[in-house]
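Residue numbers (the numbering used here), protein chains in the order written: chain V, 1 to 364; chain C, 1 to 577.
Worth double-checking, as some hints may not be accurate.
In silico SDA-like links for lysine to any residue, alpha-carbon gap of 20 Å or less [stated by the list, open to error]:
{"#": "1", "chain 1": "V", "residue 1": "Lys155", "chain 2": "C", "residue 2": "Thr451"}
{"#": "2", "chain 1": "V", "residue 1": "Lys155", "chain 2": "C", "residue 2": "Gln556"}
{"#": "3", "chain 1": "V", "residue 1": "Lys135", "chain 2": "C", "residue 2": "Pro492"}
{"#": "4", "chain 1": "V", "residue 1": "Lys255", "chain 2": "V", "residue 2": "Ile217"}
{"#": "5", "chain 1": "V", "residue 1": "Lys155", "chain 2": "C", "residue 2": "Cys491"}
{"#": "6", "chain 1": "V", "residue 1": "Lys255", "chain 2": "C", "residue 2": "Pro489"}
{"#": "7", "chain 1": "V", "residue 1": "Lys155", "chain 2": "C", "residue 2": "Glu323"}
{"#": "8", "chain 1": "V", "residue 1": "Lys155", "chain 2": "C", "residue 2": "Val303"}
{"#": "9", "chain 1": "V", "residue 1": "Lys255", "chain 2": "C", "residue 2": "Thr70"}
{"#": "10", "chain 1": "V", "residue 1": "Lys255", "chain 2": "C", "residue 2": "Glu323"}
Partial list, derived from the structure: chain V residues whose beta carbon lies under 8 Å from chain C [as the list claims (entries may be wrong)]:
{"#": "11", "residue": "Asp167"}
{"#": "12", "residue": "Ile337"}
{"#": "13", "residue": "Arg342"}
Derived list of chain C stretches under chain V, where covered just means 3 residues or more per stretch with a C-beta under 8 Å from a C-beta of chain V [as the list claims (entries may be wrong)]:
{"#": "14", "region": "250-262"}
{"#": "15", "region": "427-438"}
Hints were generated in silico from the structure; no laboratory data involved.
All C-beta atoms, glycine included, are put in the ideal place defined by N, C-alpha and C.
For reference, the chains in residue letters:
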Amino acid sequence: MVLLEEVLDSARQRGNFIPGGILSMKKIFSIIAVVLAAAGMAAAGMPPILCAHADGFGITPPYVTNDQLTQNSHYEQIITLVRSDPTDDLQANVTINVPGANSWISIDRGTQFVLPSGTQQEPMIVSVNVPSNAKLGSYSGNIQVVVSPLAGPTKGTVGITIGAQIDVTLTVVSGKMANLQVRRVTMTNTEVGHTLWWMHFPGKILFTMDVNNTGNIPGAPGKVVFQYQEYLSGNVLETEQNTNGLDSVQPFNTKTLTAEMPTYLPEGSYRVFYQIYGVDSASVIGQGNLDLAVLPPGTLTGYIGYGFWGLRWSEKFITFGVIILILALLYFIFWGIRRWMRGSRRGGRGRGHAAPPLPPPGYR
Amino acid sequence: MESSKKIGISVLISGFLVAVVILVIYFFASDTLQHARFAIAQSTATTTVNVLNTPPLWTVNAFMSPTSSTSSPTNAGNAVTWFAVGTDPNSDNYYLLLCKTSSTPNPNNSAAPNCVGGQWTVSTSTISGTTSTAAYTALAGDAQINAWYAWICDGNAGGARCNSVTVSSTFVVNHRPNFSSFINNSPAIPGSVVTWSTNASDTDNFTGATDTVQLFVCKAADFTGSACGAAGTFCTSTASVLNPSCSSTIAIPTQDEGYSSYGYLLDQHLFAASGGAEATNATETVSAVAPTIASSSINLLNVGGSSTPLSLTNPGGVTTGFEVTFTATDNNSCLSPSSGQEVATASIDVYRAGIGLSNCSSSANYNSNNCYPGAVATSTWNDICTQNGGSCAGSSSITSQWTCTFPLWYTADPTDGTVTSTQYAGQGWYAAVQATNYLGGTSTVTQSAATNTVLSFLASQLNSPAISELGNVGLNETLYGTSMCSNYPSCPVSTTSTIPVNQLVYASSGVLYASATPLVVNPGALFPIQIQKSTSTATSSLGTTFWGISIPSTIQLSGAYTGQNTFVAVRSAPSTW
């Protein structure tokens, strides 16, 4: 038995190759020049096997996975193509091989594009458009991204190209659901609320959430509830719910949502126990404690507090009623003035002109 | 007329005049009758009429205004004031005299009378029939209850006299409380209770019980006499007989520095202490407290602050720009007394959940695969934490926002996918934060409430003499190639001028050519070379592919043959990493 590496040594010692011979290489590098010569050309001398380095190449993440697709679903996955030493332009060739689902998959940049020199990262969006007649089930395969020099292999060499494989697993299901996950929350401080007549304008806290919907239909968190607690003892002082509507998050997307949270607490320091409810408002999809400062007016740069819509419903009704009353009052005042003015004009005419004579009896 | 007759007529006339005088005296005042009689006697003796001075009469009895009683005493240092109206029959001016005893005072001609046995005060000379006023400033040395006897006397030049009737009562002197000590039990931290203690009492007991005293602790020396001024009040004690004290909770936030607190003591009649500890400053010292971090505020973020999973993007190297954001809470506020940052520095630990915080807290725990402790030298792992500009709203705010940036090596364990795709699927990565205030007080190391994921990173490099694994997953290869010819890529189907792709063979070790695997065309075939995941940043994992080629004996065309082989890196099963 002859080992391949031993054959390589033998070939190198000979320095030429003949038809019917075997060349074995212990290791293949980025570029290997294989020069074949007919027996008659052996005397001219054969170039040795050539080797060279290639850039490091990678992808992240190396998969496109979705187990919540439905018919007519659209799903996108960004794959980042990276290079360790982007000194030259490279040609990227994308090959999609997902039996049964090849036609669903497309690349935003096409299947052939250039990775320019100097750019270490290039995003590539893999889109999956599930047709309406797609069969339920799982579809597996891969997408290969191969990069190679634009010029192709040098004549007389065996060009070496490298690539990376994106594993694809797609599952088409019939069930439809929104599945929300909270990735990050942040909360602003607030300025203390204020009172004008019967209206109590609360302080406004902006509670920001990054919500990821891994489900296959749009969905929005049902509500956000704040429990304001005394800072040290934890005694609950106030409980409030978001006053604004929360945007819907599209399937397979992440969106930053902002809940406007009111508080009627005076200036001071508090602890907030927040709860983010799911689509049905029955389950909590995120909760935790955050620290809050209710600050004096004018403390926060760019702070915009609540207006009319921040009032409690009872105060809104009262305000609305007062406005209606004022309008009614104004109406009656103007109506009265108008009537008085008409009356004045009539009275003036009566004094200045005699009433027309009545028609004679039987007149038609 | 005879002289005897003249004498008789004179006697009769004299007797008549005497009778008239007696009748007049009886008519005007019975109590002066004796004097009149005496005068008559004298007159009789001297045969002249000399009507003596009469003392003033009480028109309005002496009274105090305001009253001074046990329920409304006169504070030492304040005046007790008496008023009276006297009317002098001779229209002489009169004096209101307040004596300590009931002994009849001494009138003085053309001068104020004086008491016998002690005198409180005497009025100025007052026109008859008008109100006289006499005031006495109560002294600290006066007894609590003091008797007084009021007299009115005229200042007649020839025979000043006092009314024999005296009006008497008492006035009550309230003495200042004693206030010898005023301290508090600070230093204390925000949220804790500071108690101001005193050594104070009151010796007065004219109400039947010992007077109580009350402590006022003011934020400035602005006590109004009954309450603290505009600067505010720390606390007010309840009334107590001895050593009143009061407490106040230090607000959150309060900067760590000294705060003036002035003590004032009032007795139950609102009479303040004087001297001693009165109005002295017992500085309330607020200590620095270590900052805290709410675990829910800690976010482990991708490059650029995105909440997407952490994505490594540098094959075989370090990906920089990952972030940890958090809210630092400090009960001394976010602003130091010198208007700098209260929370001065912060450091982070970033680790895979399976490692745990306790195993990633010291520099010795550093492991590029799973543990990046902040304790490690910055030359090894450089995490940089800074307070976000403008995130501190001043001394009334407890919070400030922070952002730390840090790098991750390409070896960082992926936690995405499932157990069939990565070794630690579902574990996630935590960030733990420790903040330090400007005095060096450190928070506890707080772990984030939620994890983030490190994505799988599939990267490789053809590098002499092998394939290097430059991501964070184990590798296999998909290999394929093209036929070789001199007219590449338009290779003819020819046995004489085209070397078929399957003449190239590969294997994972040195084997006979016939035992190796022939190369195929695209899409190729999987070559389970099983290159392990790199675990060292110094040397990456390598995989060696053994190649062989056989030149078909049918090849006739000489020259340079060109072809292309492709190596596609494929993520291997985690069991082979």
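Give me the numbers of the hints this structure contradicts, sorted from smallest to largest. 1, 3, 6, 7, 8, 9, 12, 13 and 15
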